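**Q** Work out the full structure: start from the sequences and follow the hints.
There are 2 protein chains.
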Amino acid sequence: MHIFYTPDIAPNATHYMLSEEESKHAIRVLRLQPDDHIQLVDGRGGFYTARIMDAHPKKTLLAITEVKEEYGKRNHYLNIAVAPTKNIERLEWFLEKATEIGIDEISLIQCQRSERKEAKVERLDKIITSAVKQSLKAYHPQLNAMQPLSKLLSAAFDGQKFIAHCLPGEDKVSLASQLQLKGRCLILIGPEGDFTEKEIADALHNGFKPITLGDSRLRTETAALEACFEVNFLNR
Amino acid sequence: MHIFYTPDIAPNATHYMLSEEESKHAIRVLRLQPDDHIQLVDGRGGFYTARIMDAHPKKTLLAITEVKEEYGKRNHYLNIAVAPTKNIERLEWFLEKATEIGIDEISLIQCQRSERKEAKVERLDKIITSAVKQSLKAYHPQLNAMQPLSKLLSAAFDGQKFIAHCLPGEDKVSLASQLQLKGRCLILIGPEGDFTEKEIADALHNGFKPITLGDSRLRTETAALEACFEVNFLNR
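Residue numbers (the working numbering), protein chains in the order written: chain B, 661 to 896; chain U, 661 to 896.
Note that these hints are calculated values from the structure, not bench results.
Keep in mind that a hint or two might mislead.
Because identical chains share one entry, a pair is satisfied inside a single copy or across any pair of copies.
To be verified - In silico DSSO-like pairs for lysine-lysine, Cα to Cα no more than 27 Å straight-line:
no., residue 1, residue 2
1, Lys-733, Lys-832
2, Lys-786, Lys-746
3, Lys-728, Lys-832
4, Lys-832, Lys-842
5, Lys-832, Lys-793
Bear in mind that the values here come from a model prediction, so they are computed numbers and not experimental data.
**A** Below, the structure written as structure tokens:
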């Protein structure tokens, strides 16, 4: 069944009209007919089944036939803060894979050694939406625009805070040994070239615990995905 | 330090001559000079440090100054058999990431629902080599050319055999609950559209255990990477 992302649907809606763009896609591209059924996700846990009442190519009218709330609700909360990669496709790949595996929030950070100074959130968000639909998620991960690392470090976060870096450090422990299950966590992943010593010191000063993600030398986006994988796996 | 992949180096070599292509890269592109040091990996666990004796742009001569054997040797053996994706870039991503995270062998399989009928092993192997160098691995994963699933199913394999599929099945258990640590395993990942019922039945008949990789609906290459993550994580 075809799936549409409809963030503006009201929780108790009995009917819904697809946007002009989605209507065109449904009727002109997918050639859906009256009485065909489609699925909707609202990005906030609502998973709807709907029947096409009026197959209008600009204003497709739907009758909601079934609603599931908190569909696929996760038992923990994960925010990964990552420095966008020089090659933006690597970040895009991470966003798609993290959405499939399970993530709540992605925060883009600007670090001292970041080679990329800007990232287009709107385009990146579309990649997340596409992965949401493809993997049948009812929750849409939140993507936060790029901010300086210092700002993120000093912001309040209700949960565990970790920094994954590659500098030698006796005090680094595995994420698995530290993670409180079913809790909330924020994990920092540095840019190509890693965090600077000062950035790490600032993070520790702000209550971030240093962690390692295993012995392999991982690219930025692989480290971010490894963290995502570990948190989801441990919370199963 | 720059790293080169030199599969033909003899284990006890005191000297080594870079190939014409690698010599050109070292001298013309990287502009290395006599007495500069580089690193070599042989793909079989040998990790060498070498000094440039003659910076010849076609025949760069090296003196081996240090050898580490069984560098980063893994405590288990993992073979993932995967159907190449329609979009070959998705398979390429998997090969790069699996090499970074840790894998010994990748077997390309042709399934009934495979949309892609061929895959150029030489090109794919170059992607693995590039990831080997980037992530400082001394072992080069082996890539096996595409073969029909039936052939792989009936071939001997000394270790645990699993099939990850998406059909409902009461008997599916998590990989984590079944995996014998520090052992050898072969995991089958199906094409977009999954294995057919007959393929699954044939696999079970040949001693493969059905497993699940969690509750998320994953793309082919994400499922393959999830399996790779799990096996490496559990064997840490």
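**Q** Evaluate each hint against the coordinates.
**A** Hint-by-hint comparison with the structure:
1. Lys-733 to Lys-832: Cα proximity of Lys-733 and Lys-832: across copies only (22 Å, versus 32 Å in one copy).
2. Lys-786 to Lys-746: both (19 Å within a copy, 22 Å between copies)
3. Lys-728 to Lys-832: For Lys-728 and Lys-832, only the inter-copy Cα distance (26 Å) is at most 27 Å; the intra-copy one is 42 Å.
4. Lys-832 to Lys-842: both (22 Å within a copy, 25 Å between copies)
5. Lys-832 to Lys-793: between (37 Å within a copy, 25 Å between copies)
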